[in-house]
Each structure stands twice: as structure tokens, then as C-alpha cells.
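K.L.:
We have chain A already, so just place chain B on it with the hints.
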Amino acid sequence: MSATEELTGPGQPVLRLEEMILNMGPQHPSTHGVLRLVLHLDGEQVISVEPMLGYLHRGFEKIAENRTYLQYLAMISRLDYLSGFFMEWSYVRSVEALMGLRVPKRAEYIRVIIGELNRIISHHIAYGDFLMNLGASTPFVWAFRDREDVYDLLEMVTGQRMMYNYMRVGGVRWDLPDEFEASCRKFLKEFPPRIDEYEKLVTENEIFLSRTLGMGIIKPYEALDYGISGPNARASGVDWDLRREVGYSVYPEFDFEVPLGQHGDCFDRYKCRIEEMRESTKIIEQALDSLCGGPVNLKLPPMLRPPAGEIYRAVETPRGEYGVYLVSNGGLRPWRLKLRDPTFSAISMIPKLTAGNKIADLVAIAGSLDLIMGGVDR
Amino acid sequence: MSSIIDFLINFLPGFVIALAVIIASAIVFPFLARRVLGFIGDRLGPNRVGPQGLFQPFADFLKLFIKEDVTPSQANWLLFLLAPAVALVTPMLTQVVIPFSENYTIAELNIGLIYLVAVGAFSVLGFLIAGWASNNKYSLVGGLRAAAQMISYEIPLILTIIIIALLTGSLSLNKVVGAQETVWFAAVQPLAFIIYVIAGVAELNRTPFDLPEAESELVSGYITEYGGMRFAFLYGLVEWGNVAVWAMAGSTLFLGGWRGPLFSSAFWLFLKGGIMVLVIIWFWATFPRLQIDQLMDFAWKILIPLSLINLAATSLFIVLWPDNFLLPTAIVSWSFIALFILFFPSLIRRILLNKRLKLLAQRRMTTIIHGTGKGGITS
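Protein chains in written order, with the numbering used here: chain A, 900 to 1277; chain B, 376 to 754.
Keep in mind the hints are simulated off the structure, nothing from the lab. Where a beta carbon is used, it is the ideal one built from N, C-alpha and C, also for glycine. A portion of the hints provided could be inaccurate.
Looking from chain A toward chain B, a few residues come up when the C-beta cut is under 10 angstroms (computed) [claimed, not checked]:
id: 1; residue: S929
id: 2; residue: V933
id: 3; residue: R935
id: 4; residue: N1032
id: 5; residue: S1036
id: 6; residue: L1112
id: 7; residue: F1166
Okay, derived cross-link-like pairs now, DSBU-like style, lysine-lysine, Cα gap no bigger than 35 angstroms in a straight line [as the list claims (entries may be wrong)]:
id: 8; chain 1: A; residue 1: K1257; chain 2: B; residue 2: K550
id: 9; chain 1: B; residue 1: K676; chain 2: A; residue 2: K1099
id: 10; chain 1: B; residue 1: K676; chain 2: B; residue 2: K512
id: 11; chain 1: A; residue 1: K1181; chain 2: A; residue 2: K1118
id: 12; chain 1: A; residue 1: K1099; chain 2: B; residue 2: K730
id: 13; chain 1: A; residue 1: K1085; chain 2: A; residue 2: K1198
id: 14; chain 1: B; residue 1: K442; chain 2: A; residue 2: K1251
id: 15; chain 1: A; residue 1: K1251; chain 2: B; residue 2: K730
id: 16; chain 1: A; residue 1: K1251; chain 2: B; residue 2: K512
id: 17; chain 1: A; residue 1: K1198; chain 2: A; residue 2: K1237
id: 18; chain 1: A; residue 1: K1118; chain 2: B; residue 2: K730
id: 19; chain 1: B; residue 1: K512; chain 2: A; residue 2: K1257
id: 20; chain 1: B; residue 1: K676; chain 2: A; residue 2: K1257
id: 21; chain 1: A; residue 1: K1118; chain 2: B; residue 2: K733
Isolated chain A (complex conformation) (with noise of 0.2 angstroms):
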């Protein structure tokens, strides 16, 4: 019987069932931000999800078109707060790839290193929030004392904890410091024993299993059709990874693997971003040993003029591919600027996701996809 139906009898008083509209959000412990669910609820049962969007924007994309493309670096860190380098990256690559310019080896492998400590981070964010959304509260914990040693090591390099500014075109800004590397690999030894401390709290628990088994399941296609990327696609089973199709930067020269699920649900999502930190360990290691020497940086002139033209460049961001359109029109300024944020497409398939399901579940789909509303706002 449907929630809306009116129950009448012979002489019966007219009952009516109504559905409950609750606005979850922008202002909950559990929306990452200020994501905005508007649920209709049969009790306990979620009969469809409407995301709202447009809480945290600030428009980043016109506000690109008054800037000079070195300015526009001191912003676009703030749009994914949690892989601001990122968001640097994929930047700072498709500005590149328009000037055709050819990067110092040694700017590419501490691009590397530092991309990947922030893909660590994102990730303790992502298992943290999304088992505090399970109601766990110790793993929460625990990621960010973890994550502060890995802030340590980001605020040695670049004088920044989350806002790091340290790319620009044609390299980085400055060099590591000296005790960077020995710090960076005591980090290294320390840190995977960790990742298994966080699965034996997690992993094998009966209720964790209960909450994420089976729930949320994205089929590859749906994957595909969506425009989900990341963890959560392969997490679905589809075997896309930027880092190594495309082979940017000097990825191809380091041997990781592509954590992969076959089930595609919330189980298999949290289980791949862990494997990806382990991979990201490996990653880290691996441009340490082969880190080069030679500059960071190529002299550019600061007003940079990148010929009449347009690109587009993507990176592999800890929630899937960032990608920068870039127009130019050879002035000083960007000419059009369109960013595309995985998280955006995460988020379209929420109401896919949840509908049938309790409200409990919703909040562990939300928490599974790792949603950061930064970017989605943009």
C-alpha cells in the first residue's frame, strides 16, 4: 500500500497516510558540508531523495576569468579542500599542456609525493567520516591523529596544512627541505601497520559487515552512465584509474596496483580506498628512491600568456577525475574555465542509491561515496 493512499471503509473515518518531507541538511552532523537531502519518508523508509545543491557557491569559474592564470592558483586548492593539491594539479597540468611546456623531472616526482600523501589524507577522511556516519566514533579518531602526521610532512614542504599553494606552472614553487626525506620515510615504515589497525577495528566486525554488505550496489555500467570515477567506480569493478591509462606525469614509471571491488557496494568502497592507501605508500616509496636532481621550476615570466587555444586536462584525485577545461584567448586571463568534479557525480546517484532504503542507509551511502561539497559548489 502506498504511503499517500486514503484508507476508506463503509463508514469509516477517511485515514490518511501522508509522507514526511524532512530537509536533511545543509545543517546535519552527516552531510559532509552543507549538502542539502530532501527526503520523503514512509516511517523508517526513504521513498525518494532530491540533493540541493548551490550551499557553497562562491563562483569559482567566473572569478577565474578576472584573474591572471598565477593568480587563480591561490584559489582553486580551496574548491576539493580535502586534495587541494589536486585541484592544483589538474590546474596546473592543463595550463601546461596549452603552453606545451615540459616539466623538470624533479618538480614532477615531488608533485608525486606530495599528491599522493594527500590522497592518504583524503582517504582517512573518507574511512573516518564514513564509519562516524556508521556511528563508530574511535576510527574517526584515529584518522585524524594519523592524518596529522601527514600534515607534518606537507607543512614542512609547503608551509601549509590544507590551502598548500605550492604548485605552479612549470613546477613547484621551491624544493623539499632537507629532513623531508628522512621523516617522509619514517612516515612510510609507520604508517601501513596503521591501515591494519584501522581494518581490525573495522573490517571483520559483524555490525560493519551488517551496515555495508550489499548496500548501495552501482552496477559498472551504472558507473559508467552516471559519470562515476574514482574509488567508487572501481569499487563497482571498472578498472579506471587515470594515473595509469593515461599515464600523466611520471606514473608510469612507479609499479602499483589499481585496488578493484566486484560487488560495487559500500562494503567494496571502503575496502578499495583502504587498499589505495597502501598503494599510495608503495607510490610514495617508489619516487623517493628515484627522486632525481636538477631544478623544480622553469623560468617563466610572471604574466603568463598561453596561446589561443583550448584543453582539457584530468587528474586522479582521491574521489575520481578532476578535470580542468581551459579557453584561452592568448590575453593575460583565462578566457572560460569549467571544472568537473567527481563528487558531482557521486551525488546524482544518491537518490538512485537510497530510494527503499531506511534512513540509516542513506547516511552510509552519503558517507560510502565521500562526498566534499567544496567541489560540487564550486
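P.N.:
For chain B alone, kept in the frame of chain A given last:
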């Protein structure tokens, strides 16, 4: 006139003690919880106010008490006002039958066990009123969840308490403590004890059964609209008071109450109760939250049949060997637990994996889509 004085003489000490226990638990346990959660999460916890942060709960209560008292304009103000008071009735009333020491119980009843169960069942009312009167959808869902959950888990709780009554042969809690002179009932009936703990955690709305106030889903459930002093009342006094009463009742029923080595006094009762609260805090730090239908399944399909079987077996042994039933009961109960530990996790895992495959089959999964390389399958 003299009757009023008599009444006051009889009534006041008990009232003061009951209130003192609740206030003490509302001060000690949140602090303990925060420090222990901090320890497990590898951080410090509150340690700034006073030595080792001991005065933190006082600072918290002071802050809550001087806050503005807000009633939502659309709320049913009378019920909104009453709900914390109604909820406080349960922890106040239930502890009057718990024997604090050999010769002090606030009110010694010969039907103490029935009283405990009957008044304990009252606790859901306050939460339901709070959830309904707030006129907030989160609160309403939280209140209804509380009602469904607490009524369901009351049944296994009562069934285990019946077992205690059978083992003692009396409904008086003093007799229950007396019957545990040689051996604790937790050792005779560990299965009943574990069911008591699980069902109790669900009754108290604590992790992993904290659905009525699930922070990540319902903001704060039925307490969402409460702030300031009323929040302190509902969250501090009522919830932690309930925890304290549950722990004291549990240590009386299963852990020998005020009995202890060297001397026997209320100290041992509070110590055992404190350890049981530590177990709750440990759960809190370790487990994720169950989902509502899994919660109901667990009560109706696992806990209630298990406690019914346990009850039947215990009654059978008492009929068969009226003089010496403790040993067979203990053997059966312990072997149940062994079976449970051996088979339950793998059984649950198999059920869950089957469920996952069924769900996958419903949504036809196609083959893996490969890019240029081959990734490794993780699970």
C-alpha cells in the same frame, strides 16, 4: 501532624539518597566516558578544569544551567516541559529496591524483581513524550525508535530476570543477594548475564543500539530541541541515571550485589556497577551502530528465543534436581556461550554474504570493465 512527620522521616532519606546516586552518576560517568573514550582514541580527553580535568562535569553543568531556556514556539509546551521530569521518574523509582548494603535498602519490597521490571518499563514514556512534544521530525522519529526498541528489548530483559527469580526462589532482591553467597549468578548463568548486558545496552540507547539519538542520522533524536538545563536533565540525569540503575541492578542480580571480599558494603555495589558502566563505554568506543530492522531482528529472532530456551532449561533442571540445580544450569549455560562464540560470527557472516549475493543477483552485475591494465580485486 505526626503522620506527616512520620512520612517525612521515612520518605526524605530515601529520596535524598536516590537523588544523590543519580546526580553522582551524572557527574562521574560522563567524565569517565570522555576520559576513557579519549584513552581508546589515543588522545587526552578533558584535562584542563581542575586536577586531571576532574571539575569538567561541574563546568559543563554550570554552562548548561546558565543558558537561556528555549521552548520551540510550535512545541506542545506543557508536554515539552513535563518530558524530562517524567523521564527522571524511572531512575529515581527503580533504585529504591536495590539493596545498598546488608541492612540498608531504601524500600525493602518482597516483590522487588517485579517492581524493578514494572517501573523500569516506564522509562520509554518520557522519551516518547519528549519526541512527540518537540514538534520536530528528527525528534519524532527518535522517539518512535526509542519506543519500538525499548519495548522489544524489555522482553529478553524480563526473561533473564525471571531466571534469577527461579534460581533464588524469591522475588526479593535481598534474597537474590543472599542466594549468591557461595557463587555469583553470573557464573551460574553467564548466558542470562550476557543477555542482560546486551538487552540493557539497548534499553539504555547506548552504542551499538543508540538509534534513538543517532547523531549522524537524527541529529540528536528526541533531545534535538532540548537545550540548556533541560538538556542537562535529559542527557545527564536521566540517561546516566538510567545507566547507573541498570549497572546497580545488574551487579545485584548477577555479581553478588554488596557482597565482596574483606568487608561487605555499598562500596562493592558501586565498584561492580562502575565496571559494568566501563563495559558500556568500551562498546561505545568500539562498535558502529545497528540499523533499525537489524536491531528488531536481533531482539525477536535471536535474543528472545535464546532467553526462552535458557528459561525452559533452567526450569527443567529446577524441577528435575530441586536440591542441586546450579551445576547442570551452569554447564548448559556455559556450553551455550561456547557454541555461540564458535558458530555465531561465521554464521552471521555467511548470512550476510548470501544476502549480498542475492542483492547483487537482483541488480544483475555484469563483468568487470577493463581499461588498458588489470587491477587487483580486493574483496
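K.L.:
Next step is simple, just say for each hint if it's right about the structure.
P.N.:
To see whether the hints hold, each was checked on the structure:
no., hint, verdict
1, S929, "4 angstroms, holds"
2, V933, "15 angstroms, violated"
3, R935, "14 angstroms, violated"
4, N1032, "5 angstroms, holds"
5, S1036, "6 angstroms, holds"
6, L1112, "4 angstroms, holds"
7, F1166, "7 angstroms, holds"
8, K1257(A) / K550(B), "46 angstroms, violated"
9, K676(B) / K1099(A), "28 angstroms, holds"
10, K676(B) / K512(B), "30 angstroms, holds"
11, K1181(A) / K1118(A), "29 angstroms, holds"
12, K1099(A) / K730(B), "23 angstroms, holds"
13, K1085(A) / K1198(A), "33 angstroms, holds"
14, K442(B) / K1251(A), "43 angstroms, violated"
15, K1251(A) / K730(B), "20 angstroms, holds"
16, K1251(A) / K512(B), "24 angstroms, holds"
17, K1198(A) / K1237(A), "27 angstroms, holds"
18, K1118(A) / K730(B), "17 angstroms, holds"
19, K512(B) / K1257(A), "15 angstroms, holds"
20, K676(B) / K1257(A), "20 angstroms, holds"
21, K1118(A) / K733(B), "14 angstroms, holds"
Going down the numbered hints, you'll see the structure goes against 2, 3, 8, 14, while the others check out.
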